[in-house]
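Given only the sequences and the hints, what does the whole structure look like? Please build it.
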Amino acid sequence: MTKEPVAVVGIGQTKHVAARRDVSIAGLVREAAQSALLDAELTWADIDAVVIGKAPDFFEGVMMPELYLADALGAVGKPMLRVHTAGSVGGSTALVAANLVAGRVHGTVLTLAFEKQSESNAMWGLSLPVPFQQPLLAGAGGFFAPHVRAYMRRTGAPDTVGSLVAYKDRRNALKNPYAHLHEQDITLEKVQASPMLWDPIRYSETCPSSDGACAMILTDRAGAARSPRRPAWMHGGAMRSEPTLFAGKDFVSPQAGKDCAADVYRQAGIADPRREIDAVEMYVPFSWYEPMWLENLGFAEEGEGWKLTESGVTELDGDLPVNMSGGVLSTNPIGASGMIRFAEAALQVRGLAGEHQVDGASKALGHAYGGGSQFFAMWLVGAEPPTG
Amino acid sequence: MAPHERPHVAVVAFAQSDHLRTTDELSEVEMLMPVLHEVLAATGLKTSDIGFTCSGSSDYLAGRAFSFTMALDGVGAWPPISESHVEMDGAWALYEAWVKLQTGEADTALVYSYGKSSPGSVRDVLTRQLDPYYVAPLWPDSVALAALQAQALIDAGETDEPALAGIASRSRTAAADNPHAQLKGAVAQGDYAVRPLRTGDCPPIGDGAAAVILAAGDRARELCERPAWISGIDHRIEAHGLGVRDLTASPSTRLAAERAGVFERPVDTAELHAPFTSQEVVLRKALRLADDVTVNPSGGALAANPMMAAGLIRIGEAAARIHRGASDRAVAHATSGPCLQQNLVAVLEGETRD
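Those protein sequences? They're chains A and B, same order as listed.
Residue numbers for the first sequence follow the numbering used here, so the first one is 1 and each next one is one higher.
Residue numbers for the second sequence follow the numbering used here, so the first one is 1001 and each next one is one higher.
Just so you know, these hints were derived from the structure itself, not from any lab.
Hints may contain errors.
Computed cross-link-like contacts, DSSO-like style, restricted to lysine-lysine with a CA-CA straight-line distance of at most 27 Å [to be verified]:
# : chain 1 : residue 1 : chain 2 : residue 2
1 : A       : K258      : B       : K1046
2 : A       : K15       : A       : K249
3 : A       : K175      : A       : K15
4 : A       : K307      : A       : K175
5 : B       : K1285     : A       : K249
6 : A       : K190      : A       : K307
Quick look at which bits of chain B chain A covers, simulated, 3 or more residues with Cβ under 8 Å [what the hints assert, rightly or not]:
#  : segment
7  : 1058-1065
8  : 1073-1081
9  : 1084-1092
10 : 1128-1142
11 : 1239-1245
12 : 1332-1346
Residues on chain B that point at chain A, a partial pick, calculated with CB under 10 Å [what the hints assert, rightly or not]:
#  : residue
13 : Q1102
14 : T1103
15 : G1261
16 : R1265
Since the structure is predicted, the reported quantities are computational estimates derived from the model, not experimental observations.
Idealized CB from N, CA, C, for every residue including glycine.
Now the structure itself:
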């Protein structure tokens, strides 16, 4: 069976900041959605269905907020789905929306993800204790730090690699008007001198807590033909999940991440991701996850990811730019962070990424992960429609 | 297959837990596991055979973030699986799985959902679904909101208290034949909970889980003697503010029913997710159900209303009737939000028997 090709014709983001006290949750999501509609030159009436995602409801203290947000997103009288797959949710939400188009259930779909973290406290929202179950240990950093140490020990990576990633991403963020952190005076020395939070993760190697939303308009071939600006075309998309806890789990390079990437590359006809993919937006909430995911996604051999980072390959002007937008390290409205990766990948192949545009980017990967490195969502987008 | 021909998808197996007022001795995962095993055993499939898995649950009922992650460990997602989750009733998880099967990327799907209402006060918890700035701080609870809807229906002459009592009685009498039901037989209408609703007009509060397996095309025929084909499925949402809605009507149910093809031919069975007696009145009208349609032979949500699973159970119960030949064309309905805000409608059909 042939699937309908899926095109991204509209992208909108809010300016991400620590606290958007000037808007409600409804105001925040509407701002991103209207901006995506403006990009696509469409109106609310052109949208057939809405797919919304965010991370846990405890982050804002609203249970199933899609019910309250139906009016703000023009969804009244339309189908509205709410996806929740932990940190990967922004990516999963986009993929569910894409499936609605690919399966020819709807022609044009609005998909949006958000987090308004200033409404609550995300660290403690993640740390509600439950008897006999593994807690996330005072936020995500406590959970991930041991896996970073395992990576360093396994690969022999020097302990300077994490700070290089943070320094790069924060500099890239200066070129992205929507990024939360704009540290004009950032230096490598400042990153390295920042306080140690969860050894070996320093303060400047962690993501901020942001308020923000990201929206995309996905449409079919006919919708793409009417698009006023160049669409991004989806060449592949997949989700994979594995258990949080079991004896055989490799927390450094989870099998679900490898399988997910392999499925996306198969769909997109990618044989050598290092050569054929021009830019990557990957989910790096703690700096060391860049070299870890470079290996997991097949851009480097096992144990070699940190060498790519150290040699400057992942810089904005490098051979394989990673997180041109500044990434999760610079902007983290948790539920939206995955969708921002997908949207930034699409902006690159549309040639609309502004100052952080990679020249001639024609294939880009968007990547998201969540939970205890157990949920993965990825898509590969291209400047040209998929063949076949 | 022609490029635009829609893959034909069926419910091929359904299982549910016994629904209980309290399950203190069980975690959500322990409550779910027997149901997963039962639905897989019914088809002979293993987790690794399933093309796509999707679940529905609520962090607010569990009292913690990412509560669904532990259920995934119970599923046994190894080797890694293609999987997703909606923070909605399992009926919407089934919808997402149906969409996945429409893309042709999978030909079987496992759908499950579960919820424990017993650890907290579900009436209070559900107030957190409301507009967080203007309405939720007033804590109007789910029974009070349903009572507003019931009074609007009575004021409009659409029903009266004796008729509502009749719906309660009929549902719980039907539930006497349902081994999983929580509240069954002769149940007193009781005192007013919030006027005009009496305790008998309200659903029981309880814990439960359900699971369904979907399959496409010939795969469905291999796995089930008489598959319950989903000939149409659609869902729609309405405005959140109760002041801007006519509570005596459900335009979202009507629209979803039109899109799902309910009105193309008569149905013989309706499984309606109406937690309150008054909501059955609204749904019967929206779905234009004839008097001879068998409504909620399982007892419906008035007999067992496990949050997050009750909607999926309506689809499962309708499908099970088709599997055993008690129905040829059934409509199943699920709802979410205050006063029937969001509604899903599916039409299930069995192939004509010789």
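Hint check results:
1. Between K258(A) and K1046(B) the CA atoms are separated by roughly 22 Å; this keeps the pair inside 27 Å, and the hint holds.
2. At most 27 Å may separate the alpha-carbon atoms for a hinted pair to count; K15(A) and K249(A) exceed this at roughly 38 Å.
3. At most 27 Å may separate the alpha-carbon atoms for a hinted pair to count; K175(A) and K15(A) meet this at roughly 13 Å.
4. Restraint check for K307(A) and K175(A): satisfied, since their Cα atoms lie roughly 25 Å apart, inside the 27 Å limit.
5. Under the criterion of a C-alpha separation no larger than 27 Å, the hint pairing K1285(B) with K249(A) is inconsistent with the structure, at around 53 Å.
6. Pair hint K190(A) plus K307(A) holds up; C-alpha atoms about 22 Å apart against a cutoff of 27 Å.
7. For the segment 1058-1065 of chain B, the proposed coverage by chain A is satisfied: 7 residues have a C-beta within less than 8 Å of a C-beta in that chain, meeting the threshold of three.
8. Three residues within the 8 Å Cβ limit are the bar, and the segment 1073-1081 of chain B against chain A gives 7, so the coverage statement holds.
9. Taking a C-beta to C-beta cut-off of 8 Å, the segment 1084-1092 of chain B contributes 6 residues in contact with chain A, enough for the three needed, and the coverage statement holds.
10. Check result for the segment 1128-1142 of chain B against chain A: holds, 7 residues qualifying (beta carbon to beta carbon below 8 Å, three or more required).
11. Judged by the Cβ-Cβ criterion of 8 Å, the segment 1239-1245 of chain B is covered by chain A as claimed, because 3 of its residues qualify and three suffice.
12. With 5 residues having a Cβ less than 8 Å from any Cβ of chain A, the segment 1332-1346 of chain B passes the three-residue criterion, so the hint holds.
13. With its C-beta approaching chain A no nearer than about 3 Å, Q1102(B) sits inside the 10 Å limit, and its interface hint holds.
14. Checking T1103(B) against chain A by beta carbon gives a least distance of about 4 Å; that is within 10 Å, so the hint holds.
15. Because the beta carbon of G1261(B) sits about 14 Å from the nearest beta carbon in chain A, more than 10 Å, this interface hint is broken.
16. For R1265(B), the interface hint is violated, since its Cβ never comes within 10 Å of a Cβ in chain A; the closest pair sits about 22 Å apart.
Going through the hint list in order, the structure does not satisfy hints 2, 5, 15, 16.
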